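Chains as they are written, first to last, in the working numbering: chain A, 380 to 717; chain B, 380 to 717; chain C, 380 to 717.
FYI, nobody ran anything at the bench for these hints, they're computed from the structure. Please read these numbers as outputs of a predicted model, since none were measured by experiment. Warning: the hint list may mix true and false statements.
A pair counts as met if it fits within one copy or between any two copies, since identical chains are not told apart.
In silico EDC-like pairs for lysine to aspartate or glutamate, Cα to Cα no more than 16 Å straight-line [said to hold, decoys possible]:
| id | residue 1 | residue 2 |
| --- | --- | --- |
| 1 | K477 | D664 |
| 2 | K651 | D465 |
| 3 | K405 | D484 |
| 4 | K559 | E715 |
| 5 | K559 | D467 |
| 6 | K408 | D484 |
| 7 | K451 | D656 |
| 8 | K405 | E643 |
Chain residues, written in single-letter form:
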Amino acid sequence: MQHFLNTQDWSVDGLQHLLAKASEFKANKLGDQLKGRSIALLFFNPSMRTRTSFELGAFQLGAHAVVLQPGKDAWPIEFELGTAMDGDTEEHIIEVAKVLSSYVDMIAVRAFPKFIDWQDDRQDKVLNAFARYATVPVINMETITHPCQELAHILALQEQFATRDLRGKKYVLTWTYHPKALNTAVANSALTIATRMGMDVTLLCPNAQYLLDERYMGWAEDNARAAGGSFTVSHDIERSYAGAHVVYAKSWGALPYFGNWGAEQPMREQYKHFIVDEAKMALTDGGVFSHCLPLRRNIKATDAVMDSPACIAVQEAENRLHVQKAVMDTLINHPEIR
Amino acid sequence: MQHFLNTQDWSVDGLQHLLAKASEFKANKLGDQLKGRSIALLFFNPSMRTRTSFELGAFQLGAHAVVLQPGKDAWPIEFELGTAMDGDTEEHIIEVAKVLSSYVDMIAVRAFPKFIDWQDDRQDKVLNAFARYATVPVINMETITHPCQELAHILALQEQFATRDLRGKKYVLTWTYHPKALNTAVANSALTIATRMGMDVTLLCPNAQYLLDERYMGWAEDNARAAGGSFTVSHDIERSYAGAHVVYAKSWGALPYFGNWGAEQPMREQYKHFIVDEAKMALTDGGVFSHCLPLRRNIKATDAVMDSPACIAVQEAENRLHVQKAVMDTLINHPEIR
Amino acid sequence: MQHFLNTQDWSVDGLQHLLAKASEFKANKLGDQLKGRSIALLFFNPSMRTRTSFELGAFQLGAHAVVLQPGKDAWPIEFELGTAMDGDTEEHIIEVAKVLSSYVDMIAVRAFPKFIDWQDDRQDKVLNAFARYATVPVINMETITHPCQELAHILALQEQFATRDLRGKKYVLTWTYHPKALNTAVANSALTIATRMGMDVTLLCPNAQYLLDERYMGWAEDNARAAGGSFTVSHDIERSYAGAHVVYAKSWGALPYFGNWGAEQPMREQYKHFIVDEAKMALTDGGVFSHCLPLRRNIKATDAVMDSPACIAVQEAENRLHVQKAVMDTLINHPEIR
């Protein structure tokens with residue numbers, strides 16, 4: 380039995396299998412690969428794309444998705460071991476995971492950080508607890524990484540460049556401003572998968588405070604080395620955009636200020652000019668732009684960029700449906716692939 | 380590609396097609412007309428009948444409905460163009476509509492007025508934005524009109540009078556009291572469709588403050604003229620009920636006080652006697668009574684009226700299931716009909 | 380047409396039919412017994428197991444479950460007759476039940492007590508109103524009893540002891556501490572079904588304040604007499620556990636303090652030692668332990684008990700899926716059974 384917690388746990392061949400399978404599902408929507416099967420979608424945080432695409436993906440392959448929102452329309456869950464549960468939590472992850480495993484064939488989990496203590500959040504406790512106690516495959520629907528988004532993103536790039544081999548492409552992950560301090564999940568994921576695919580990857584951010592967690596910086600370095608690509612950090616907007624084939628934007632809060640966002644806010648406010656606009660895109664080598672969505676227009680990217688043919692964010696979002704069907708099909712029907 | 384935003388956009392033949400199709404679905408619940416298809420149900424406001432009937436209607440024809448509540452279990456959406464999204468909204472309608480269109484075959488929207496500024500609400504921005512940016516058919520599940528309710532209502536009358544031709548029937552839309560100032564959607568819709576069907580329509584309301592928006596008053600006049608029926612406004616309860624074949628009740632807030640309901644409340648309180656009761660129904664020509672539901676008993680209509688054989692509100696509610704299946708089937712399989 | 384409101388309304392043969400059918404569904408998950416059918420799941424209170432198991436059970440037999448949360452994503456409902464609905468409720472149970480009956484083939488209801496006045500709550504008004512006004516079978520998903528849990532519990536015992544005949548087993552329902560004053564539903568149900576099955580049943584609770592409602596105490600006495608078992612009340616932990624084959628734990632608030640829980644709390648706090656632990660389980664005759672879940676670990680039962688092979692709570696939870704499929708199948712396809 381395999382989980383789909385992070386792409387880094389999977390081989391490049393395994394990931395390319397998922398991407399190829401996703402292309403097949405994009406060409407042929409309906410099938411019976413998951414006939415009579417079921418998946419529980421646990422949302423500790425809200426969702427539109429993720430929920431819709433998983434729910435429909437299951438349906439289109441003959442399965443049924445049950446949507447649960449613990450703490451809202453289900454009981455709040457305890458994740459610590461050995462604790463006397465005299466607080467707000469009514470049920471322990473051990474029972475939740477075992478009982479759900481007795482009902483469904485897969486469990487998918489969205490659990491954002493609590494945004495209080497990064498040392499705590501970086502342990503990804505909720506996801507890992509499900510993976511530990513569930514007796515069925517567990518899928519990451521975004522925690523501190525977002526591997527389904529990674530696959531959708533890479534599939535869009537493969538489609539765009541008409542090749543499964545993305546080596547040699549110049550890829551820029553650019554930080555952008557957002558009024559709130561956001562999760563680093565998609566940024567961690569973008570670094571991870573872009574380097575994994577062997578691209579020449581630049582992490583563009585305002586200053587060293589916006590570097591990502593050492594785990595993901597380390598993966599990026601390891602991946603670049605293994606795949607024959609490169610990984611660079613830059614704070615220079617012009618130099619980063621110059622000649623880029625891919626610009627991927629994401630906003631996140633600076634980790635040294637984690638949970639103390641009031642202190643980070645004044646710094647963040649100084650970098651609104653990181654917005655992706657036409658002038659910056661003009662520096663690229665006819666590059667494409669994408670974003671995981673939701674995106675605040677004219678804050679992270681201008682209307683002109685969003686409405687340009689270079690923007691493939693909607694295509695990437697659509698691909699969520701197809702890659703997730705590939706993940707579900709593979710976990711159930713080809714557990715030998717990883 | 381067609382939308383189903385308002386009955387006024389459709390021909391009478393198109394509407395009669397939908398009604399006839401609905402009768403067929405009422406006789407034969409299950410089919411595969413929408414096999415493998417999907418519809419997103421976006422609820423900006425709560426629902427029971429609408430959600431249940433759309434969800435089941437999709438299921439009974441082989442499709443799947445995804446229920447989304449933006450702002451609750453999905454991201455809040457921006458509808459203004461060109462704005463810098465630095466407020467509460469996290470995602471623009473352009474992306475929402477395009478991404479949903481890439482997942483589903485139809486999008487249905489419930490979006491009540493904001494009840495602040497009628498000049499703003501009467502533009503029906505949410506629905507129209509979906510219709511503009513979606514690349515799949517959009518269905519109105521109640522905004523400032525409620526066309527699905529119109530079809531269910533007319534189907535119940537056609538069944539009751541055993542004829543598809545309702546011309547010559549005396550139809551009274553009566554305002555009733557409600558402790559809150561409610562949406563005019565169903566009132567607008569009742570006027571629109573009753574005149575469209577060529578009935579002799581009276582709008583009975585306490586005074587001129589309770590007239591409906593000029594758009595719908597104008598449609599009613601135009602429709603009556605075109606169909607050979609009539610349209611009258613009255614503030615006289617006895618005269619309005621006299622000889623009626625149909626009494627349809629609805630409460631709404633007086634538009635001149637829109638968003639300033641505290642000032643309207645004392646006036647509204649004076650008209651509690653507009654309640655539909657047995658004495659009033661006795662004035663009709665053995666008329667039927669209906670209401671879109673939910674209905675506050677003994678406020679809008681008495682128990683005696685609600686529990687009488689003349690009340691066809693439950694039948695009308697049931698018809699929601701059948702007419703909505705007709706709408707979905709027609710939009711997908713007969714896009715030439717309108 | 381039959382409802383499934385309480386096991387006490389059903390014959391022992393009828394219940395054994397449901398249990399046998401559940402075993403069949405456990406062996407063969409998929410079927411078309413409910414093809415094209417539908418069930419409305421009305422949750423006035425949150426749920427995880429119940430919702431998931433009903434939703435999946437419907438799906439696995441070809442049906443569709445619509446999940447509604449009145450007052451959250453549907454209108455608040457009035458249950459009193461003859462009232463002028465000028466308060467918060469927007470719709471009367473009569474219309475809700477009739478309209479839902481026109482859409483779906485079954486209605487399932489979860490409605491916990493309001494915890495203000497037990498004399499009011501013990502009338503089970505919400506469930507009984509649905510049963511009265513619905514024209515389709517109604518299923519109790521937990522109100523002041525929890526008959527689906529009863530079946531799942533008994534099926535787990537039948538599996539554990541490899542016999543459908545549980546007579547002669549010593550069964551202890553033990554009260555346990557919980558920081559909140561909980562519903563007596565599962566305790567009422569455990570007494571009811573354990574005595575019905577002819578076991579030798581002990582109700583172990585701290586003192587006479589924790590006795591259950593006279594209706595369920597009376598059923599337990601009647602059932603024990605009819606089935607040739609026994610029913611005893613005890614406040615002696617050691618004596619109750621001694622030689623037990625089954626320990627079933629549940630916490631509840633003392634009924635004399637109903638709605639006045641602040642006054643009950645100090646008393647309840649004195650009985651934390653009712654926790655199910657290894658020392659107590661060692662007194663049993665190799666007995667099994669179960670609980671309806673959710674369970675607060677190390678408050679109601681220790682980790683050691685929960686993680687021991689004697690704990691069959693997860694098995695009981697899984698059985699919810701199977702017994703509920705048996706209930707739905709029987710209500711629709713074998714209405715002669717009761």
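Evaluated hints:
no., hint, result
1, K477 x D664, "neither (51 Å within a copy, 27 Å between copies)"
2, K651 x D465, "between (45 Å within a copy, 11 Å between copies)"
3, K405 x D484, "between (23 Å within a copy, 15 Å between copies)"
4, K559 x E715, "neither (42 Å within a copy, 47 Å between copies)"
5, K559 x D467, "between (27 Å within a copy, 10 Å between copies)"
6, K408 x D484, "between (21 Å within a copy, 12 Å between copies)"
7, K451 x D656, "neither (39 Å within a copy, 31 Å between copies)"
8, K405 x E643, "neither (42 Å within a copy, 55 Å between copies)"
Hint compliance for this structure: hints 1, 4, 7, 8 are not met, and every other hint is.
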